Amino acid sequence: MRSAYKDALIEKIGKANRSLAEHLSGIYNDPKIPGAISPLARVVFTEMERLSEICRESGLEFYCEHLPHLDTNTRTGGIFRFKLPTIGDIYRHFMERNLQEVRLTDLEVYLADFPAVDDAYHSLVVNLWQTGILFQDTRFAAVGGKPCEKYMLTDSVQLAVSEVMTCD
Numbered sequence: 002m003r004s005a006y007k008d009a010l011i012e013k014i015g016k017a018n019r020s021l022a023e024h025l026s027g028i029y030n031d032p033k034i035p036g037a038i039s040p041l042a043r044v045v046f047t048e049m050e051r052l053s054e055i056c057r058e059s060g061l062e063f064y065c066e067h068l069p070h071l072d073t074n075t076r077t078g079g080i081f082r083f084k085l086p087t088i089g090d091i092y093r094h095f096m097e098r099n100l101q102e103v104r105l106t107d108l109e110v111y112l113a114d115f116p117a118v119d120d121a122y123h124s125l126v127v128n129l130w131q132t133g134i135l136f137q138d139t140r141f142a143a144v145g146g147k148p149c150e151k152y153m154l155t156d157s158v159q160l161a162v163s164e165v166m167t168c169d
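Residue numbers (this note's numbering): 2 to 169.
By construction, these hints were calculated from the structure, which means they are not laboratory data.
Check each hint, because a few of them may be wrong.
[To be verified] Calculated pairs, EDC-like style, for lysine to aspartate or glutamate (alpha carbon to alpha carbon, straight line, at most 16 angstroms):
#1 84 x 97
#2 84 x 120
#3 151 x 107
#4 7 x 23
#5 151 x 102
#6 84 x 119
[Stated by the list, open to error] Label-pair restraints from in silico Cβ distances:
#7 44 x 110: 36 to 42 angstroms
#8 8 x 119: 15 to 21 angstroms
#9 19 x 159: 33 to 39 angstroms
#10 125 x 13: 39 to 45 angstroms
#11 52 x 78: 41 to 47 angstroms
#12 43 x 77: 41 to 47 angstroms
#13 113 x 44: 36 to 42 angstroms
Only a predicted model underlies this, so the values are computations on that prediction, with no experimental measurement involved.
C-beta: ideal position from N, C-alpha, C; glycine also.
My request is simple: use the sequences and hints to build the entire structure.
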């Protein structure tokens with residue numbers, strides 16, 4: 002929600018439903034932050050998880066770029082055969098194989114299957130791996146400090162962000 006109109010919107014909602022306005026005001030970040038502001042990550046996570054489950058039960062496609070484990074479908078075939086793998090693709094690949102741990106060599110073997118992966122993309126993904134960022138906000142947790150030795154599967158999502166999006 003843009004901070005420029007957040008207060009006006011919450012005020013208008015408050016005229017119709019005070020408790021809803023208070024709820025919305027409470028879940029959005031600091032009103033002093035300029036630009037676009039999203040609700041706290043825990044709120045987004047809860048709502049996206051609920052939407053994903055509804056879509057899964059209804060047989061609908063659902064994609065959540067910030068929380069790839071919630072996707073109900075993959076982007077494969079057709080034009081997608083020429084794409085670079087997303088974190089969602091990488092995450093699903095290892096989850097579908099029921100791996101309890103993933104090592105850098107596993108990732109590099111997977112990336113080699115994509116003709117579009119060049120040196121720059123490979124370096125970016127390896128850097129995200131080594132810094133422990135690659136699988137943030139998924140069920141894989143970084144192990145071994147920096148550089149990251151491996152990622153281990155955990156029982157729950159490891160939320161690393163406090164907000165999904167803030168920009169000026």
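Just to be careful, I want the Cα atoms of residue 84 and residue 120 compared with a cutoff of 16 angstroms; is the pair within it? 15 angstroms, holds
Given a hint of 36 to 42 angstroms, does the C-beta separation of residue 113 and residue 44 actually sit inside it? Once the Cβ atoms are compared, 39 angstroms apart, the range 36 to 42 angstroms for residue 44 and residue 113 holds.
Satisfaction of the hinted span 39 to 45 angstroms by the C-beta atoms belonging to residue 125 and residue 13: About 43 angstroms separates the Cβ atoms of residue 125 and residue 13, which means 39 to 45 angstroms holds.
Could you tell me whether the CB distance from residue 8 to residue 119 stays inside 15 to 21 angstroms? 46 angstroms, violated
Taking the Cβ atom of residue 52 and the Cβ atom of residue 78, is their distance within the range 41 to 47 angstroms? 25 angstroms, violated
Residue 19 and residue 159, beta-carbon distance inside 33 to 39 angstroms? With Cβ atoms ~36 angstroms apart, the hint holds.
Sort out whether residue 119 lies within 16 angstroms of residue 84, counting only the CA atoms. Holds, at roughly 11 angstroms.
Next pair to validate is residue 84 with residue 97; report whether the Cα-Cα distance is within 16 angstroms. 20 angstroms, violated
Are the Cα positions of residue 151 and residue 107 separated by 16 angstroms at most? 10 angstroms, holds
Per the hint of 36 to 42 angstroms, is the separation of the Cβ atoms of residue 44 and residue 110 within bounds? Between residue 44 and residue 110, where Cβ atoms are some 37 angstroms apart, the hint holds.
Is the distance from the Cβ of residue 43 to the Cβ of residue 77 consistent with 41 to 47 angstroms? 31 angstroms, violated
Pair hint outcome, residue 7 versus residue 23 [Cα-Cα no greater than 16 angstroms]: It holds: about 12 angstroms lies between the C-alpha atoms, which stays within 16 angstroms.
Violated hints, listed in ascending order, are 1, 8, 11 and 12; each of the other numbered hints is respected by the structure.
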